[in-house]
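Just so you know, the protein sequences line up as chains A and B, in that order. Plus 89 on top of the position in the first sequence (first one is 1) and you've got our numbering. Plus 89 on top of the position in the second sequence (first one is 1) and you've got our numbering.
Think of the hints as simulated: they come from the structure by calculation, not from any bench. In this text, a Cβ means the ideal position worked out from N, Cα and C, and glycines have one as well. Incorrect hints may have been included.
Below, computed lysine to aspartate or glutamate pairings styled on DMTMM-like, alpha-carbon distance capped at 25 Å [unchecked claim]: (1) Lys325(B) x Glu127(A); (2) Lys325(A) x Asp602(B); (3) Lys325(B) x Glu128(A); (4) Lys324(B) x Glu127(A); (5) Lys324(B) x Glu128(B); (6) Lys187(A) x Asp459(A); (7) Lys324(A) x Glu127(B); (8) Lys325(A) x Glu128(B); (9) Lys324(B) x Glu128(A); (10) Lys186(A) x Asp603(A); (11) Lys324(A) x Glu128(B).
Under 7 Å between C-beta atoms, here's a sample of chain B residues computed to sit facing chain A [claimed, not checked]: (12) Ala118; (13) Ile122; (14) His124; (15) Leu126; (16) Arg335; (17) Ala338; (18) Glu352; (19) Leu353.
For reference, the chains in residue letters:
There are 2 protein chains.
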Amino acid sequence: MALHLFQMLKTSDYASVISMNLFVALLCACIVIGHLLEENRWINESITALLIGLCTGVVILWISGGKSSHLLVFSEDLFFIYLLPPIIFNAGFQVKKKRFFVNFITIMMFGAIGTLISCSIISFGVIEIFKRLGIGTLELGEALAIGAIFAATDSVCTLQVLNQDETPLLYSLVFGEGVVNDATSVVLFNAIKSFDLEQPGHGIALQFFGNFLYLFIASTMLGFLGGLLSAYIIKKLYFGRHSTDREVALMMLMAYLTYILAELWFLSGILTVFFCGIVMSHYTWHNVTESSRITTKHSFATLSFVAETFLFLYVGMDALDIEKWRFVSDRPGTSVSVSSVLLALVLVGRAAFVFPLSFLMNLTKKSENDKLSFSMQVIIWWAGLMRGAVSMALAYNEFSSTSGHAQLRFNATMITSTITVVLVSTMVFGMMTKPLIRYLLPFPPPPPKRKNSTVSLDESASPSPKSITVPFLGSNHDSEVETDATDYQRPSSIRDLLTTPTHTVHRLWRRFDDAFMRPVFGGRGFVPFVPTSPTECSGQPSPEWD
Amino acid sequence: MALHLFQMLKTSDYASVISMNLFVALLCACIVIGHLLEENRWINESITALLIGLCTGVVILWISGGKSSHLLVFSEDLFFIYLLPPIIFNAGFQVKKKRFFVNFITIMMFGAIGTLISCSIISFGVIEIFKRLGIGTLELGEALAIGAIFAATDSVCTLQVLNQDETPLLYSLVFGEGVVNDATSVVLFNAIKSFDLEQPGHGIALQFFGNFLYLFIASTMLGFLGGLLSAYIIKKLYFGRHSTDREVALMMLMAYLTYILAELWFLSGILTVFFCGIVMSHYTWHNVTESSRITTKHSFATLSFVAETFLFLYVGMDALDIEKWRFVSDRPGTSVSVSSVLLALVLVGRAAFVFPLSFLMNLTKKSENDKLSFSMQVIIWWAGLMRGAVSMALAYNEFSSTSGHAQLRFNATMITSTITVVLVSTMVFGMMTKPLIRYLLPFPPPPPKRKNSTVSLDESASPSPKSITVPFLGSNHDSEVETDATDYQRPSSIRDLLTTPTHTVHRLWRRFDDAFMRPVFGGRGFVPFVPTSPTECSGQPSPEWD
Chain A
90 MALHLFQMLK TSDYASVISM NLFVALLCAC IVIGHLLEEN RWINESITAL LIGLCTGVVI
150 LWISGGKSSH LLVFSEDLFF IYLLPPIIFN AGFQVKKKRF FVNFITIMMF GAIGTLISCS
210 IISFGVIEIF KRLGIGTLEL GEALAIGAIF AATDSVCTLQ VLNQDETPLL YSLVFGEGVV
270 NDATSVVLFN AIKSFDLEQP GHGIALQFFG NFLYLFIAST MLGFLGGLLS AYIIKKLYFG
330 RHSTDREVAL MMLMAYLTYI LAELWFLSGI LTVFFCGIVM SHYTWHNVTE SSRITTKHSF
390 ATLSFVAETF LFLYVGMDAL DIEKWRFVSD RPGTSVSVSS VLLALVLVGR AAFVFPLSFL
450 MNLTKKSEND KLSFSMQVII WWAGLMRGAV SMALAYNEFS STSGHAQLRF NATMITSTIT
510 VVLVSTMVFG MMTKPLIRYL LPFPPPPPKR KNSTVSLDES ASPSPKSITV PFLGSNHDSE
570 VETDATDYQR PSSIRDLLTT PTHTVHRLWR RFDDAFMRPV FGGRGFVPFV PTSPTECSGQ
630 PSPEWD
Chain B
90 MALHLFQMLK TSDYASVISM NLFVALLCAC IVIGHLLEEN RWINESITAL LIGLCTGVVI
150 LWISGGKSSH LLVFSEDLFF IYLLPPIIFN AGFQVKKKRF FVNFITIMMF GAIGTLISCS
210 IISFGVIEIF KRLGIGTLEL GEALAIGAIF AATDSVCTLQ VLNQDETPLL YSLVFGEGVV
270 NDATSVVLFN AIKSFDLEQP GHGIALQFFG NFLYLFIAST MLGFLGGLLS AYIIKKLYFG
330 RHSTDREVAL MMLMAYLTYI LAELWFLSGI LTVFFCGIVM SHYTWHNVTE SSRITTKHSF
390 ATLSFVAETF LFLYVGMDAL DIEKWRFVSD RPGTSVSVSS VLLALVLVGR AAFVFPLSFL
450 MNLTKKSEND KLSFSMQVII WWAGLMRGAV SMALAYNEFS STSGHAQLRF NATMITSTIT
510 VVLVSTMVFG MMTKPLIRYL LPFPPPPPKR KNSTVSLDES ASPSPKSITV PFLGSNHDSE
570 VETDATDYQR PSSIRDLLTT PTHTVHRLWR RFDDAFMRPV FGGRGFVPFV PTSPTECSGQ
630 PSPEWD
């Protein structure tokens, strides 16, 4: 899939066939080497792909005699149209929905308000520090754009350093925040570009907020509706005569359709496809055959995995874009200082919302177990520091205009600095996350076999040993309520309900879901078990995702 | 996947986002409508997609005021680089290997020698008839190119009209022939284009034959080696700690790598990826986890299904390419007569090898059961008459040069005639195949539920009821030998071995396979059962494909 992306190449060109061969071979190499390094505590698959990309870039640079370092030029379209949708859709599809929604308020606080705080700090920090260091005077619009670019956490990389089974709460918080943050950054960035900041009026903040709210709600609704439509179509039409391939094709195509519909209507495709993934795993996934379930689960994960690997390989290769570096090579000091300033601002900007917001959230919790300890806050702060392809894509969008030499130099500096920040944050921060978690959290060590598995891999998505022993083909929905010590206790009195409002919402939602939604759209326990596939056997538990 | 193909569009363009939305929505519509029409005896999915494409073309033509009828221009690259590989790979992956190899000689006769006969008849027929009708005098090279273009059976459409479970022998013959024929046509076409036909010498036939043989053997070997490499890597590296997503990704990427490697080395990618599919389903598929098996089986089928649907939709939409039709509209008679001549030559050219070659093959068979009856020969003749995307792609390659007005007119005529032949043969011949089979072959009617399922759908690929009752997790390989009345009897004496040489070859191969290949590359019975996935349960039969 990811291979189909050489849109910028004339594929009849023989040179492009060579590039494709090399690229596919490198992807295979990344997968094999990533597997071999699985037990390593420092390296993860993103870093492997980045390093392989960098090495290949060096080799190409050497072969071509310093002319070119990459097989492909980083293209925003490629990223936003082909690589990002499968990654984010899969994230929605595989996310543990109950945990996500139980922590919904915290996630929204971190993802939306936190991003705004981070963006503001970076923006004003950049204006002030650039002025003092004599790098240049930024316009407000440019500074805000830089803020939005560097407020975008890399949720793809986050998935690789945190583990859904080992640290479920942290995972759901950091990853959920990452998704909302992705969307917020893109929305912010577009809002900043479309607003006329030259004439700031009274209503601009309100207008901005209204715009953000509209985008958020409309995108979410579109995703929900797309998911429900797919569930309805498959439930109504396919009932009794299932066909795995049609079901899988329809799920894929409809998910992609919601994404490009969102793009068509200038909404946030990322949010849309994320919620579409959630709805599809809650309803549609239960309406299809057992083989469709296994196939969708793994093929979406595989697509996402290949897209991630492709992306890191691509960023690694593109990092040596010699044209850009040549531009800044006569003033290397500037580039270094800009990168350092940005990295420092990223660190400060994130700290400035993680710790205060965690403090606020802790005030609302009663039990010591529900509170975020200081160690956890540090991990949340650290794990969200990585900047990745979203930052790259936004930076290329903002700084690829070619108007005037001074502007050109500034743009080249910003792009090389973005690349530096992405590489440093992914490699240095990424490498140190796993050891940091082990140092800060005194968890019992997980079984060695699954020690370093990431969410995009099979093992971590398969049910935990506990859930295997609880078959729930019937209506015993209570098995969904897990009794995890780090999670929450079921509310048993009115006082509890008041202090833990999300649980009430969850319960009301469950009642509404069982009474109205599932009878129409299907879902666990509401679709008769159709034994059409060869993998069916009685008493076999479905993977427990909710 | 198929959606990633808008390489000729600037995707940042808003109009192209609209096109993509429309195209994806139409794909969804094709799947749903194709499902609803599944019980219909005349219509199949290809025809549905073609008709929807045509209707959309008419609507676009009407909306744009006669300016344009398609969202995309037919692109050879699109077809050969993205759409064809998944279709042919899946065909190799899902083909019943034993039947394919037992009928190998017949398939090769039909596919290679038959295509040569068909190509010669069409070439010389075109020269003669065009001269007599006053359409023009063709050069030998042009005529041979036309021969190669119209000798290319559409194996994609064949898959839709024949059923692997209902008519296994016919299916394996016609489909196997189709794959070899695809490859032969492309090889022929390239050979014709690269040879200097102006100065025909003595050695040209020999050189041509040598070239064909080299391409055939080299392509096949590359496919075999690619498949074996994937099996070896997965067996060696992944042993004991499987990861479904990595395995699936590696299988997909390595299969695609063999295809583009073949293109890189100017071999036949179609043959390569077909044999790679066969080897992967024989070795690699048995080395992976149970969930990987289900996932690969269905996701490859889904990819192929989506690519097929995309293709027919695309051809249907492109058929109304108004520029081309405007060129020929001042001489409508010519276009009609060219199309009729070509259709007639296709019919005659195919009859000229199916019946003689069947007669020859029947001479070598002893048992009445093994012989091809006249009814079967008629079906083989008829089912291979459809011309599809391979013909379109080759025609665009040959006739898209723009040198001189007369040449331009001739080229436009040839392209519109190709489109006409493709549409007429797919719709008319395609629609009549199912009724023809039912009329000619007095089979017991199959169970209604699976009546019209095609090979790209779940049910036909799932094991037949018989095989479900025979678990073969151990070494009882004899369950592979099916006792099908229309198939063959196991040779039991030396006389039988002499009259049925393919069976001996098969037996020797099996012995070699068990002794040397499977211990190294894995395969059924040679890989310990690794219960890593949630779908595992003991005593459960794997799908029986061999």
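Checked hints:
1. Lys325(B) x Glu127(A): Given pair Lys325(B), Glu127(A) holds - Cα atoms ~15 Å apart, limit 25 Å.
2. Lys325(A) x Asp602(B): Given that 25 Å is the threshold and the Cα spacing comes to 47 Å, the pair is violated.
3. Lys325(B) x Glu128(A): Given that 25 Å is the threshold and the Cα spacing comes to 17 Å, the pair holds.
4. Lys324(B) x Glu127(A): Holds: Lys324(B) and Glu127(A) sit about 17 Å apart, inside 25 Å.
5. Lys324(B) x Glu128(B): 43 Å, violated
6. Lys187(A) x Asp459(A): 15 Å, holds
7. Lys324(A) x Glu127(B): 17 Å, holds
8. Lys325(A) x Glu128(B): The given pair, whose Cα atoms are some 17 Å apart, holds under the 25 Å limit.
9. Lys324(B) x Glu128(A): The given pair, whose Cα atoms are some 19 Å apart, holds under the 25 Å limit.
10. Lys186(A) x Asp603(A): 16 Å, holds
11. Lys324(A) x Glu128(B): At roughly 19 Å apart (the allowed maximum being 25 Å), Glu128(B) and Lys324(A) satisfy the hint.
12. Ala118: 10 Å, violated
13. Ile122: Violated - the Cβ of Ile122(B) stays beyond 7 Å from chain A, reaching only about 10 Å at its closest.
14. His124: 6 Å, holds
15. Leu126: 12 Å, violated
16. Arg335: Holds - the Cβ of Arg335(B) comes within 7 Å of chain A, reaching about 5 Å at its closest.
17. Ala338: 5 Å, holds
18. Glu352: 6 Å, holds
19. Leu353: Where the cut-off is 7 Å and the nearest Cβ of chain A is about 5 Å from Leu353(B), the hint holds.
Checked against the numbered hints given earlier, this structure breaks hints 2, 5, 12, 13 and 15; the rest are met.
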